[in-house]
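> Residue numbers (this note's numbering), protein chains in the order written: chain A, 2 to 749; chain B, 342 to 1094.
Everything labelled a hint here was simulated from the structure, so no lab data went into it. Don't take each hint at face value.
DMTMM-like, lysine to aspartate or glutamate: derived pairs with alpha carbons at most 20 Å apart [to be verified]:
| # | chain 1 | residue 1 | chain 2 | residue 2 |
| --- | --- | --- | --- | --- |
| 1 | B | Lys1068 | B | Glu997 |
| 2 | A | Lys356 | B | Glu997 |
| 3 | A | Lys434 | B | Glu691 |
| 4 | B | Lys517 | A | Asp437 |
| 5 | B | Lys619 | A | Glu530 |
| 6 | A | Lys547 | B | Asp1033 |
| 7 | B | Lys685 | A | Glu478 |
| 8 | B | Lys1040 | B | Asp1026 |
| 9 | B | Lys700 | A | Asp442 |
| 10 | A | Lys447 | B | Glu691 |
| 11 | A | Lys447 | B | Asp688 |
| 12 | B | Lys619 | A | Asp477 |
| 13 | A | Lys434 | B | Asp694 |
| 14 | B | Lys685 | A | Asp442 |
| 15 | B | Lys566 | A | Asp334 |
| 16 | A | Lys447 | B | Asp694 |
| 17 | B | Lys468 | B | Glu570 |
| 18 | A | Lys356 | B | Glu691 |
| 19 | B | Lys783 | B | Asp547 |
| 20 | B | Lys619 | A | Asp437 |
| 21 | B | Lys700 | A | Glu473 |
| 22 | A | Lys356 | B | Asp688 |
| 23 | B | Lys685 | A | Glu473 |
| 24 | B | Lys619 | A | Glu473 |
| 25 | B | Lys928 | B | Asp962 |
| 26 | A | Lys434 | B | Asp709 |
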Amino acid sequence: MTSRDMDRLQRLVPWHLVGFLLAMLTGALSASAGELERTVSFVNDVIPVLTKAGCNAGGCHGKAGGGQNGFQLSLLGFEPQEDYEHLVLEGRGRRLFPADPDRSLMLMKATGQVSHGGGVRLVATSEGYSLLRQWIQQGKHFNSEGEPDLVSIVVDPARGSVKAHGYQQLKSLAHYSDGSVRDITGLALYECNDDAMAEVTDAGLVTASDIPGKVAVMVRYQGKIAVYSASVPLGAPVETLPASRNFVDELVFANLKELGVPPSPVCDDATFLRRVSIDIGGRLPTETEAREFLASADADKRDRAIESLLRSPDYADYFANKWTALLKNRRDDASDITSNFAFHSWIRDSLLANKPYDQLVRELLAATGTVIANPPVAWYKRVKDPKSQIEDVAQLFLGVRMQCAQCHHHPFERWSQDDYYGLAAFFSQVGRKPTDTRGEDLIFHKRGTAGSKNVKTGLTVKPAALGDNVGEIAPDEDPRLRLADWMSGESNPFFAKALVNRYWKHFFKRGLIEPEDDIRDTNPSTNPELLAALEDHFRKSDFNLKDLVRVIASSHAYQLSAMPNEHNLADRQNYSRYYPKRLQAEVLLDAFHQLTGATTSFANLPAGTRAVALPDNSYNKSSPFLRVFGRPESTSVCECERVQSASLAQSLHLINASDIKSKLATSNGRADRLSKEERPDAEKIGELYMVAFSREPRPDELRIALDYLAQERTDAAGKPVDKTKATRENFEDLVWALTNTKEFLFNH
Amino acid sequence: MNNHQHVVSVAAIIAALLGAAATTSAQSVCLPAPRLLTTMPMGGQLGSEVEVTITGQTIEDLEQLLFSHPGITAKPKLGTDGNPEPNKFMVTIASDCPPGIHEARVMSRLGVSSSRVFTVGTLVEVKQDQPATTVATAMPLQVNSICNATLPLRAVNHYSFEAKKSQRIIVDCAAKGIDSKMNPVLIIADAEGRDLVVERRGGALDFTVPDDGTYVIKVHELTFKGGAEYFYRLVVQEVAADAPLSRLPSVRSVSSFSWPPADFSRSASTPETEPNNKHAQAQKISLPCDITGSFFPAADVDTFEFVAKKGDVWWVEVASERLGRPTDASIIVQHVSVEGSDEKLTDVVELSDILSPVKRSSNGYAYDGPPYNAGSADILGKVEIKEDGVHRLQLSDLFGGTRNDPRNEYCLIVRKAAPDFALVAWALHMELRNGDRNALSKPIALRGGSTMAFEVVAVRRDGFDGEIELSMEDLPTGVTAVGLKIPAGQSRGIMLLTAQQDAPRGMHIAKFSGRAMVDGVEVIRPCQMASMAWPVTNAWSEIPAPRLLADIPVSVGGSEFAAISIAATESKVWEATAGATLQVPLKHILREDFSGATMGLKAFGTGFDRTPKFDVSLKADQSEAVFNLGTLKTVPGDYLIAFYGSAVTKYRYNPEAVTAAEFAHKRAQQEAADVAKEAERLAQDATAASGDQKTEAEKAIQAVAEKKKAADAAVAAAAKRLQDAKKLAQPKDIVDIIVSEPIAIRIKPAETK
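Only chain A is shown next, with the shape it has when bound in the complex (with noise of 0.2 Å):
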């Protein structure tokens, strides 16, 4: 604020004037000359401590659109003008009382003295209280003559080892302008990445629980941010590891060591086959495949299963389903089925030819043309709005989330305002043109510089790709084109660690940064050294998605038994087993459709097809089976749309559902066809086996199941049924009793 703008303000209320000297003098007597000779700043000293009371957070005065009862502050004081005038001008003049600080609106409210919505913030004997009181008294200024600017704030130690249940108690430095370092551990905000595995007080003091791994606390003052990073070591002896068979090993493995966490041995070819065939392909082994597999002495064998998969459809429909939910192809209206089977196949065929990742994304960003002749111009019929698309676009392709930072300073991040309308002027020259279809534009090229409007300066910003500078971009070049040069740009810090991060996620179970699209300083990594070694792979195959699986799947990380040894139960996140995943609601009926030999029709699609091949969400509506198992409506670019937890539903859904019942019952189905053939009970038991589980039976499992086939079954009358109906309906039970294991319903 200028002299002149404080000159209007106390020209709008000259009592104001009276106040401030009545304040000069009671102040002087009261306040000790130390005091006196610091003027309190409304920059560097109210906003913190506003902040750090919660006053401007988003739920309480910081609300868009009008804060609370009538006062507003800028959420989490990035606008401290307009924060000043929202205190000092509006209220009539009640919120602050320098001839009386105590008195002040502000100081009763947030100490409770008078009613409060947010109940009490601040104490009267608080430094926050003592510091806002004598701003007041100061006379309320906005800030003084050669005041300096708060440049940056460290955490010290930024980084340590913590160990179990151990203590840290940070330390928070404020920087400024004038060279000049101000404590301010007791007014930063603190917060954990992850709460289970460390606790941190509002006095930074941090508190490890027993989860061995790595966890970070994300110091936060005035739009600044800080990080401290800490492993928490499990300590325990980690006397072999597997064999490394590639970087993605030696970086588990080290981290492992490090963490003292020893791992699980690597897993047997059942599982291998049955968890790399879901993984990669989206299916169970077939019977003949598991049987080869566990019969092959070939020492390469494990590799020759994944460069199948790689090869196969399977994975290209698998990949393409993943994909196709985050892009949103939604089916709204009926008309929509072209443009939706012609997106997802686009999507489908590009894996299917391992086209590389950049090639795929720079197809999709800058598409033009009509659905039909270019099917990635689909996009554009869902994500209309250039704000919703730059949204998606970071999140999807770079992990970054700049929602925020279209009304105001993203809190956990360095991005601005400027920021997020640089992205979205890189879709400013999006020019569209309807086509014959209803909903549906074609897209072009509009010639004209790119430029995106802040809304809030008003001024027009140039296509700048967070942060930075693409140069200039002539008016006949399409900006989108530029947007993809850079996002495959070498020095892109992004565009290939949220890819590779989302891949891990997708074999892994959990990202090496969680969530896998919200990457930044203040989230670090659980591997960093692994996360920028898969990066650099992945950059240097020119963005192979396949062989960036491969080596994935071909480590033997990735190979770990699922089953945790004396020391890593508790580890979630340093991958020293295999993390079982139940399986996904398309996995998940395909496969019960492979063991029971039942289909399910889903219309416009010839018999027989896949549910992971399904192109978009329109079937989720006819099968409840989809739909309880969390099928994603395809709304959000989020993978968290698709619904992975367990559900009682589920359960019952999967004990007693009636398409459930009927699949079972199939004609021709594998129960009807095991009760019909002639051979030993025990060899079409192994079938069930190797279908449902890629194994042989136990001993134990084969006799249950054995005693089971050859009970007598009575109705409800006590009457024996008849022989055939007898024997259909025990291999009904024996499948559908092994369709309710968790070695069924979990990739493990």
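Based on the hints, put chain B in the right spot on chain A.
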């Protein structure tokens, strides 16, 4: 309004809406027209005879299967009994018939049908009789052959072929380009059916065989649609490793009517020279020029540099979309000046798109223009040089940012003004009821006493703005054509084809042309005809597929008459003085009943097209058109006009068929009765007979019992046919366009006092 009144009026509105909905749902749009829908196969090899089976819409009483080229002839296929088999023809393709796209159509009771593409090729052709929906049942194909097939619904057709390592095999599929409704997907898979390469954008698969062996081709529709209308011609062909990829022939888009310019020759064309993406790499050219290039690789920009003088006017034309490529050309011309060591570029003009000269229908609720686009994504525009010196022209494809297809070629012409025009016409469409979005194919099959209107649209080249007279010649007997000219500076005219009430059944290929004076010289240009490939009743549920026709067959069915004919009472030139009122008495010849008492009429024709809509009676045999020439401000001169509107006819389909069916039914009944009598007689004879005679009599009884059974079945079948014919002949509300015969008017100058 009190409450009571309010309730009443709301109820009235609801009742009116319900009534309107009921009326709407009961109405069909446009009278039946003969349409050839499918032929199987869809083509044949040069010098061969092919059995062709057809299906169509209202094409009973078929006489002939006709083709647009005399090298293709057909005769009905005769069954073993010597009678023609229904809907089957033997088609002979002469060895000198040009390979490529031709058209088939039939002459039926209602006249000539809409056409269907019939392709003549050089390769061996086969026809797929049964779908092959699994790898195990894949149909074997010889390399270098064409398979004519139809897609099964929600299924994939499978084929197999043998190939050797390193062979270059092209798998292509003609579908949209031969009128099919199919968006083809082509897949080459290994012998187990695992996909190797896929093409879903209507392109061909260019496959270099990785190993000796069997390969599987899968063909399906993008959204797995199927049925008789989803037909295709699949080619598997070996080509030399370095041969350019040539595609199966295809019909021409409507937009291509304006390409090429008259007397255009590519002999003087020069190729673009890469690299020329940047200003510093500009390819130097001198004007005029004719350049061939391609939008390749992705995001290609072709920069050309030329010197021009202030005041020069150059016309620029680009063809690419009109060559059938999915491109959207854009040009920027800039003047280059040097300031110190820097170049300064000043925009001179930006050119893109040949806008449709008439507003075409949007994809909104109802029609707001014709469902045809005479415009193009190509370029036709003017560059006016404002400063002497160096200029640069940059040509790029607004769709080309990420696409890498060297076949996206273009032709760039920069020329001095060569004023000219190109014409296209299509049967008139208009909104016939609320929300109507029909885009029906409309064959020129005239009913006696009817007038059919065609919209004619001109793309004007290089500043030509004179009027264009329209004419049509070589018409069948009893048919006259009158063109309502395209006025100077405008783009739309009307062609009216009128069949006299007694016009005999007949068909002739007509010549349609436009004539104009260009720079004092008479120029005649052909007018091409466009039509929809399918009778699309709702363009919201099925995207129409318009295309250019090979020729213009005009026919009279001779079996039906127009429901109403409207004409001036006298065939004369109606004269009036400028500014005065002109009254033209009209006579109505009513041949059917109508739903509704009146019909609103508007006027076609320059000088009169702003005539306010007026109602004429659908019950009376006369009415009057009144023109206020003062309001219309029609200047003195000679005019041709016509009236048009729509009316709901109580149409009866083929009532003659009822008479024929009644006759057939009676005859069948008589025959059955005769057989019954015979049976009775034989039964009596048998009673009286004994010994061997009895045995013989019983045999005869058995034989006649069989005859009786057949006769009874024939009676039942005849009864069913009669019932069907009666049902079809029941009056049905059908709304259609009604057009009057043309009327000649002369406006004389007002006398000056």
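> Now, for every hint given, state plainly whether the structure supports it.
Outcome of the hint check:
This hinted pair checks out: Lys1068/B and Glu997/B have alpha carbons roughly 13 Å apart, not beyond 20 Å. Proximity of Lys356/A to Glu997/B is assessed by CA-CA distance (about 64 Å); at most 20 Å being required, the pair is judged violated. At roughly 18 Å between alpha-carbon atoms, Lys434/A and Glu691/B fall within 20 Å of each other, so this suggested pair holds. Taken as a hint, the Lys517/B and Asp437/A pair is honoured in the structure, with Cα atoms around 16 Å apart against an allowance of 20 Å.
For the suggested pair Lys619/B and Glu530/A, the alpha carbons sit about 42 Å apart, so the restraint of at most 20 Å is broken. With a C-alpha separation of about 90 Å, the suggested pairing of Lys547/A with Asp1033/B is violated against the 20 Å cut-off. With a C-alpha separation of about 18 Å, the suggested pairing of Lys685/B with Glu478/A holds against the 20 Å cut-off. For the proposed pair Lys1040/B and Asp1026/B, the alpha carbon gap of about 12 Å is at most 20 Å, so the pair holds.
In summary, the hint linking Lys700/B to Asp442/A is supported, as the alpha carbons are separated by about 18 Å, within the 20 Å threshold. Under the criterion of a C-alpha separation no larger than 20 Å, the hint pairing Lys447/A with Glu691/B is consistent with the structure, at around 12 Å. With a CA separation close to 16 Å, the supplied pair Lys447/A and Asp688/B stays within the 20 Å bound. For a cut-off of 20 Å, the pair hint linking Lys619/B to Asp477/A stands: about 11 Å separates their Cα positions.
About 12 Å separates the Cα atoms of Lys434/A and Asp694/B, which keeps this hinted pair within 20 Å; it holds. Annotation: proposed proximity of Lys685/B to Asp442/A is violated, straight-line Cα distance about 36 Å (limit 20 Å). A distance of roughly 18 Å separates the Cα atoms of Lys566/B and Asp334/A; the hinted pair therefore holds under the 20 Å criterion. Under the criterion of a C-alpha separation no larger than 20 Å, the hint pairing Lys447/A with Asp694/B is consistent with the structure, at around 13 Å.
At roughly 16 Å between alpha-carbon atoms, Lys468/B and Glu570/B fall within 20 Å of each other, so this suggested pair holds. For a cut-off of 20 Å, the pair hint linking Lys356/A to Glu691/B is broken: about 36 Å separates their Cα positions. Annotation: proposed proximity of Lys783/B to Asp547/B is violated, straight-line Cα distance about 38 Å (limit 20 Å). Proposed proximity of Lys619/B and Asp437/A is contradicted: the alpha carbons are some 36 Å apart, above 20 Å.
About 38 Å separates the Cα atoms of Lys700/B and Glu473/A, which puts this hinted pair outside 20 Å; it is violated. Among the hinted pairs, Lys356/A with Asp688/B is inconsistent with the structure: their alpha-carbon atoms are about 39 Å apart, more than 20 Å. Between Lys685/B and Glu473/A, the direct Cα distance comes to roughly 16 Å. Compliance with the 20 Å bound is thereby established for this hinted pair. With a C-alpha separation of about 14 Å, the suggested pair Lys619/B and Glu473/A falls inside the 20 Å cut-off, and the hint holds.
A C-alpha spacing of about 6 Å is found between Lys928/B and Asp962/B, which places the hinted pair at or below 20 Å, so the restraint holds. Among the hinted pairs, Lys434/A with Asp709/B is consistent with the structure: their alpha-carbon atoms are about 17 Å apart, no more than 20 Å.
Checked against the numbered hints above, the structure violates hints 2, 5, 6, 14, 18, 19, 20, 21, 22; every other hint is satisfied.
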